[in-house]
Amino acid sequence: RKEVEQDPGPFNVPEGATVAFNCTYSNSASQSFFWYRQDCRKEPKLLMSVYSSGNEDGRFTAQLNRASQYISLLIRDSKLSDSATYLCVAENTGGFKTIFGAGTRLFVKA
Amino acid sequence: GAVVSQHPSRVICKSGTSVKIECRSLDFQATTMFWYRQFPKQSLMLMATSNEGSKATYEQGVEKDKFLINHASLTLSTLTVTSAHPEDSSFYICSARVEAGGRREQYFGPGTRLTVT
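The listed protein sequences correspond, in order, to chains A and B.
So that you can map any letter, position 45 of the first sequence is 45 in the numbering used here, and since no number is skipped, the others follow by simple counting.
So that you can map any letter, position 22 of the second sequence is 22 in the numbering used here, and since no number is skipped, the others follow by simple counting.
Chain A with its partners taken away, still in its complex shape (with noise of 0.2 Å):
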């Protein structure tokens, strides 16, 4: 079993739509995680944070419930640009290792 599993994807949606990511992370030890972005032949963007208590950055909203360890990413009015591969990220306790899912593709269609 992966470390950090993702929905395979591909994600098709229209403009305006509202799309939701799910990861889950195997890793109890696990203490801080993210979101990045990633577009075709580039490297990795830091998308946001997320936290426990949730957190939101204009469309985009992370959720993180430790119990399940089940991290989510919401994504509200998709737009032509957040067309991509959005990777799921778990660091361990003092950030010595970092482990990235395999990534879901969202292709967001006029």
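It cannot be assumed that every hint is accurate.
As the list claims (entries may be wrong) - Using 20 Å as the maximum straight-line C-alpha spacing, the simulated DMTMM-like pairs for lysine to aspartate or glutamate come out as follows: (1) B/K14 - B/E59; (2) B/K41 - A/E15; (3) A/K42 - B/E99; (4) A/K97 - B/E99; (5) B/K41 - A/D39; (6) A/K42 - B/E22; (7) A/K97 - B/E87; (8) A/K97 - A/E15; (9) A/K97 - B/D27; (10) A/K2 - B/E59.
Calculated from the structure, these hints are not laboratory results.
Fit chain B to the known structure of chain A by using the hints.
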């Protein structure tokens, strides 16, 4: 955000040769840098953690004698792929960790696309 550069961005080499990839933190000092490899349509796989002034910590299955990592300063880490083979062709990405205000974030370099012929 913090800026991390990589050089070269793209390299083509012949089988059996060695290739060195540089990773630099441009506007901050990074005691820890990470090296990842990404094959097409797959996620990033951590190869090793590079700590300034000490030996790198390699992930299971990564040959330390093949992938030489040197972190000689707080702003530079290098990855040398020795005796490269076609199966080493991949996208190599480094990242540097920044800690500030109790938060810890990773910033990635733009990656180096290696093709071994």
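Going through the hints against the structure:
1. The suggested pairing of B/K14 with B/E59 is violated, with an alpha-carbon distance near 26 Å, which exceeds 20 Å.
2. A hinted pair counts as satisfied when its Cα atoms are at most 20 Å apart, and B/K41 with A/E15 does not qualify at roughly 24 Å.
3. Simply put, A/K42 and B/E99 have alpha-carbon atoms about 24 Å apart, too far for the 20 Å limit, and the pair is violated.
4. This hinted pair checks out: A/K97 and B/E99 have alpha carbons roughly 15 Å apart, not beyond 20 Å.
5. Only pairs whose Cα atoms come within 20 Å are accepted, and B/K41 paired with A/D39 is accepted, the gap being roughly 12 Å.
6. Taking the CA atoms of A/K42 and B/E22, the gap is about 17 Å. The hint holds against a cut of 20 Å.
7. Straight-line distance between C-alpha atoms of A/K97 and B/E87 comes to about 25 Å, which puts the hinted pair past the 20 Å bound.
8. With a CA separation close to 36 Å, the supplied pair A/K97 and A/E15 exceeds the 20 Å bound.
9. Restraint check for A/K97 and B/D27: not satisfied, since their Cα atoms lie roughly 24 Å apart, outside the 20 Å limit.
10. Between A/K2 and B/E59 the CA atoms are separated by roughly 15 Å; this keeps the pair inside 20 Å, and the hint holds.
Hints 1, 2, 3, 7, 8, 9 from the earlier list are contradicted by this structure; the remaining hints agree with it.
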